[in-house]
Amino acid sequence: MGLEPNIERLTQLEGIGCARKRREDPRFIQGKGTYVDDVKMPGMCFGAMVRSPYASARIKRIDASRALALPGVIAVITAEELKPFKLHWMPTLAGDVQAVLADGKVSFQNQEVAFVIAEDRYLAADGADLVEVEYEELPAVVDPKKALEPDAPAVREDLAGKTDGAHGARRHHNHIFNWEVGDKDKTARAFEQAEVTVKQDMLYPRVHPCPLETCGCVASYDKVKGDLTVYITSQAPHVVRTVVGLLSSIPESKIRIISPDIGGGFGNKVGVYPGYVCAIASSIVLGRPVKWIESRSENLTTTAFARDYWMTGELAATKEGVIKALRVHVYADHGAFDACADPTKWPAGMFHVCTGSYAIPHAFVSVDGVYTNKFPGGVAYRCSFRVTEAVYLIERMIDVLAQRLGIDKAEIRLRNFIRKEQFPYQTPLGLEYDSGNYEPALRKVMDAVDYQALRQEQAERRADPNAEWLMGIGVTTFTEIVGAGPSKMCDILGVGMFDSCEIRVHPDGSAIARMGTITQGQGHQTTYAQIIATEAGIPASVIQVEEGDTSTAPYGLGTYGSRSTPVGGAATARCARKIREKARLIAAHLLEVSPDDLAFDLDRFVVKGSPEQLKTMKEVAWAAYNNVPPGLEMGLEAVEYYDPPNFTFPFGSYVCVLDINRYTGETRVRRFYALDDCGTRINPMIIEGQVHGGLTEGFAVAMGQQLPYDEQGNVLGGTLMDYFVPTAVETPVWETDFTVTPSPHHPIGAKGVAESPHVGSIPCFSSAVTDAFAHLGVTHMDMPHNAYRIWQQSHALGLDRH
Amino acid sequence: MIPRLFDYHAPTSIDDALKLLGELGEDAKLLAGGHSLLPMMKLRFAEPGHLIDLGHIANLKGIRLEGNELRIGAMTTENELIWSPLLQERCPLLVEAARQISDPQVRYMGTIGGDISHGDPGNDHPALMLCLGASFVLRSPAAERVVHADDNFFLGTYATALQPDEILTEIRIPLPAAGSGWCYAKLKRKTGDFATAAAAVLLRMKGDTVEDVSIALTNVADTALKARDAEAFLRGKPLDEPAIAEAARLAMAICQPAEDLRGDADYKTAMAGEMTRRALRTAAMRAAH
Amino acid sequence: MSKKIMVSFKLNGLDTDVVVEPRELLIHTLRERCVHTGPHIGCDTSHCGACTVDMNGKSVKSCTVLTVQAEGAELLTIEGMAQGGELHALQEAFMQEHALQCGFCTPGMITRAYRLLKENPNPTDEEVRYWMAGNLCRCTGYQNIVKAVQYAARKLRGEAVETSHPLLGAEQSTEPVTA
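Line by line, the protein sequences give chains A, W and L. Letter 740 of the first sequence, counting from 1, is numbered 740 in the numbering used here, and no numbers are missing. Take any residue in the second sequence, count from 1 to its spot, add 1000: that is its number in the numbering used here. Take any residue in the third sequence, count from 1 to its spot, add 2000: that is its number in the numbering used here.
By construction, these hints were calculated from the structure, which means they are not laboratory data. Where is the CB? At the ideal position from N, CA and C, for every residue including glycine. Hints should not be assumed to be uniformly reliable.
BS3-like cross-link-like pairs, simulated, lysine-lysine; straight-line CA separation at most 25 Å [what the hints assert, rightly or not]:
no. : chain 1 : residue 1 : chain 2 : residue 2
1   : A       : K86       : A       : K60
2   : A       : K324      : A       : K420
3   : L       : K2010     : A       : K40
4   : W       : K1029     : L       : K2118
5   : W       : K1061     : L       : K2004
Looking from chain L toward chain W, a few residues come up when the C-beta cut is under 7 Å (computed) [to be verified]:
no. : residue
6   : S2002
7   : K2004
8   : V2020
9   : P2022
10  : C2034
11  : T2045
12  : G2072
13  : L2087
14  : E2127
Not close to chain L: a few residues of chain A, all C-beta gaps over 12 Å, as computed [stated by the list, open to error]:
no. : residue
15  : D25
16  : Q30
17  : D143
18  : D151
19  : E298
20  : M446
21  : I686
22  : T719
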């Protein structure tokens, strides 16, 4: 066999490694996507939420009579109406409960108070306006440290007297949990004996994932059949089905949850929100489809924030900068209800990846969860659970240490990296890193940007007292933890965090594959087909990939925390191998040889030593429906539920070069070079697109995003006027690069990539901004690095005109 | 995000519009581009019972030169300002500023007259009008009057000298002298944002000295501001760095910005100074000497 | 008060009449009454541009236009972009350059870019960024959108473009462009 035909067949397969164009695109570029708000059903009515203007208040009275008198208003529901169904409260993923509609008291501004159902969205808005609610305003607390003061107002009256929560003892009425990991004593000793220690407070502000499509659903209950169908903006439709089953007592077999096209998720669409529950409950009562679509402001101020971590990091090291220990304390502001979207046993998610890419012998982490009068959430905004916070902490701390010791920021990283031969590496906080090769990655980036020349230029700029623009260079060398996760460690509401794939090969050799994950822009319909193409020898072009419909797809935990490739992709690869191995039996039968005598060659089985004797997968597929070996079932299909043995640990090295105007605080990102190692690369085009997107979201977080509160608990900046979503003008041009260090435990060695650029870029921007002022003794600047805040730093240093 | 019910009127002449405005009184609002009014109505912060759409009145549009005056119909859009060859040649300050207003789609709809009439200190045209010495033609059923921008037209946040029965029909701008330098320096957080602070400068040089200068500031008080002290200081002086610094200081001295997420009063005042410097320097480079 | 009004416009070349309350927003008329669900609602406050349609030769955010303002208008939406069964160069370009991910901003992006290239057939990258700044995208970081607009600009100028999407190109023309 010559080389030529192989390349042709390889090209036709469009398997792993090819920059295959996306199969999702034709419908989107023609306006033919189907997002939740595009769903129309006969008799559909529309729900609108009445929300609290106060952060903390007692509800004295709700009068819906004027709303109900408006023609076209069908019903108004409050907690009272939901009580008989026990739906006025719902369990959260974090083991707490959350009010679906306020039960006598509101605990955050814009909290859901009443739900108005009307014939259309205009009448629903009019009706919501006419619901009169009388409040008695109560004191609010928005700062988690103040919330733990003895006389702080109680955020949650319903928890009065409860000394235990889902994660152990509560020590204060606003305390949710304390979570500790690591060896406290050994870490303390390392600090006592250290030549150098550094300590830094840092606030990771409250932000929001802000996908372009807001959250919403269409719930349709058929009173005759007893079936409930819900179209929903969910990153985890199967979990939603289980939750809806728990809440409604409808068997899961009669519940169909459909995540249609999703207009971006980024963690925002993992949770179950009061609007969904109200729409579902209304539909069950009314027997009519009910649509609820939130506005952008409702999205930004009620459905799940991210971050809000008030962190203190400490490093102990030698004078040469070799790190001996890490100690971290966090006040985790969870808002009014603990609706944090973490695996059940991990109240701070995977924050314990905070030892980063470095060989740190001892570490100890303590996290205190706190209630405040702010909206609930704690979702992973384009990252695995709390990993952005963890990576931010260690990357900032290592900069602080470098600065204290006068060691270059790249050099100190080189001195502390976990070395290639140390993998699999056990961290002091109990994780096992699968693979990594950090030093070559950093050196490649340093060469690409000519790091030494940049430092030289910066030295010259710093020497010029009249320079209007300060130059900052940021470096990060991060390690992520994704692909949750092993069911022995990770579950959601008791369901292990496996994922799944089902493949059916049709008689003509084409196939349909369904997964438990759900794409929200990642291109699963394209990339999963590539995995199957390589593993089962079926051209990707004839593989139909479907996700998101719980009535057809196998159960899976969904897409977030970069789970899809590490878990869903692994399930897909192994499922395709099952197809291949059954096909081998059929091919052997057809060729009248032993299965062991067959070699798999791209899209066919070839008799070893006799290459002219072969059966293609297409031929085998046909035979699967008419001529299988005795004792073998007909058909060619397989299912795989994959429980990963471990997480995967993608990593990267980033350098950011920016210039800051000392008089105005304006920043210009001159260069951003991002090298990612996500193991085996399935589709380089899609990887690059994911990296661009992740970097842009990281840029947004670092440079401008936050949802601040005033003292009364009013959330500020809840529209796109204030909440920073950069346009094409503000967004820098990105340079991307890669190395390949496969995961040893993943069937195809892939690790996941979409979140790394977000996780890795944010501390890189902070590193660069701080670096612009580092020669003046500045060790850390809190985000967001908007012009106003940067100017405040410049002003404090006397660099501005004053 | 749904407006309350209202009635809609689409007059095709100014007289008809004025008649409607007279009949409907305070319950009516004029609809120009709608990109300030409609968002307010969707939030139900504004709840007019009637909208009078000025979009179908042909003679409220257009840019022309009449004698030594540029005459711009109130319903002329920002995008039309940007692409006007007349303005590009004779009043590039307006073009440069319009390019910095909001975003492309909004500029197709947003009008110069709406921007001025709204009385929002965050809008850019008020300062531009002060800088350019513009005057406004205000029509009522009874009469037409011409009010100079600098003659107490801008009274406060959302308050102008426009009477309830009046419509701003035309903007008149004296042609900037040939050889004038210009600049609109605007600091904003992102595309689509209002200015943190902005400065409009029109500058005439004679050799190295300032023959005449006009400076106005956006969004650093409850109205746009004319920086008269700074102007007076600069006239007849060489435009060197110390003079620019002093002008910026004098401009900052009249600022009284409100704190918001863009910054506190100190920052916004400082930025008014920075934008004044930037605008003066750029205008000086562009001016004939 | 608030009598309903009949409004007539051309929607992607077809004469269309709707009867609406004056307060009805053009985006809702297009999506709910005309069942053109390509334009999307992303922000309600005229910031995101997902609702962008072309009205009388202008890109407008249809969440901030009253339907009654569209009386007599020529409206073009993403649904009208392909002509005679052929994709518009921009539609082809967005697939070719991987200029979309979740697809929610895409109809608005393409519709806006359509008008941009009518006004400036030969833009620089910076000009593309500047004139596309009324459209937000959360997925792509814009870099590939800029590339796609440039690809379409080249094609519309009659220059050669390299097409590699399996659903594009002459030899594949028998396969319908649906997914």
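Verification of the hints:
1. A:K86 <-> A:K60: holds (21 Å)
2. A:K324 <-> A:K420: holds (19 Å)
3. L:K2010 <-> A:K40: Distance of about 24 Å is within 25 Å: holds.
4. W:K1029 <-> L:K2118: violated (35 Å)
5. W:K1061 <-> L:K2004: violated (28 Å)
6. S2002: holds (4 Å)
7. K2004: Check failed: Cβ of L:K2004 comes no nearer than 10 Å to chain W, outside 7 Å.
8. V2020: violated (10 Å)
9. P2022: Holds: closest Cβ of chain W sits about 3 Å from L:P2022, inside 7 Å.
10. C2034: violated (18 Å)
11. T2045: holds (5 Å)
12. G2072: Since the shortest Cβ distance to chain W is 9 Å, the answer is violated.
13. L2087: violated (24 Å)
14. E2127: violated (11 Å)
15. D25: At roughly 4 Å from the nearest Cβ of chain L, A:D25 sits no farther out than 12 Å, so the non-interface label is violated.
16. Q30: Label violated. Min Cβ-Cβ 6 Å, cutoff 12 Å.
17. D143: holds (29 Å)
18. D151: holds (40 Å)
19. E298: violated (10 Å)
20. M446: holds (23 Å)
21. I686: violated (7 Å)
22. T719: About 5 Å separates A:T719 from the closest Cβ of chain L, which leaves it inside 12 Å; violated.
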